[in-house]
Amino acid sequence: MSRFPLPPGSTIGVLGGGQLGRMLALAAARLGLNTVALDPSPDACAGPVARLITGAQHAEKALKALAAAADVVTFEFENVPASVVAALQAAHCEVAPGPLALATAQDRVVEKTFLNASGAATVAFAQIDKAADIGPALDLLGAPALLKTRREGYDGKGQTWVEGHGDAEAAFARLGGKPAILEAAAPFVREVSVIA
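Following my numbering, the numbering of the sequence shown begins with 1 at its first residue and continues without gaps.
Incorrect hints may appear among the rest.
[What the hints assert, rightly or not] Computed list of lysine-lysine pairs in DSSO-like fashion (alpha-carbon distance at most 27 Å, straight line):
#, residue 1, residue 2
1, Lys130, Lys112
2, Lys178, Lys157
3, Lys112, Lys64
4, Lys112, Lys157
5, Lys157, Lys130
6, Lys64, Lys130
No wet-lab data here; the hints were simulated from the structure.
Can you build the whole structure from these sequences, using the hints too?
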């Protein structure tokens, strides 16, 4: 088991070498920590600021190399398969956050339900399993409302506005008929993203 906080000179492994992996590596360097990232692309943007292991996240050889190089492993975004975290833990590699946090963050309904139960308010929402669920949800949440896929959406992908009852079928089709969440519109003033 790793000691926390990690002492200077420790190595953080990152599943993913995209822009968030790069930002994590830059922040780690300021704290005296090293970073190694596992990414399928040899040109991953974290490459210039972190040691890069090129390979698929589910490839056994690449995962073993990451586990051997890192004192602790994390991930740059929540779409990492839970099986990858389980494989790392089976190799006696510490992964933080753990699989429960990952699973919670992977499903927007589960995530918002958890946040609300923990006292962190979110916009009102409804679980949408089929197009016919949207109408009753609009009656509760109001229109327009934001329809999002429950899983694997990010940076505006996997979401569409539902303007009203007449748009429900088309909106659900725009998301490929996947399980979704309908969220009440939020009066945004600003958006802040934090890596902690």
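Quick rundown of the hints versus the structure:
no., hint, in the structure
1, Lys130 to Lys112, "19 Å, holds"
2, Lys178 to Lys157, "13 Å, holds"
3, Lys112 to Lys64, "34 Å, violated"
4, Lys112 to Lys157, "18 Å, holds"
5, Lys157 to Lys130, "19 Å, holds"
6, Lys64 to Lys130, "41 Å, violated"
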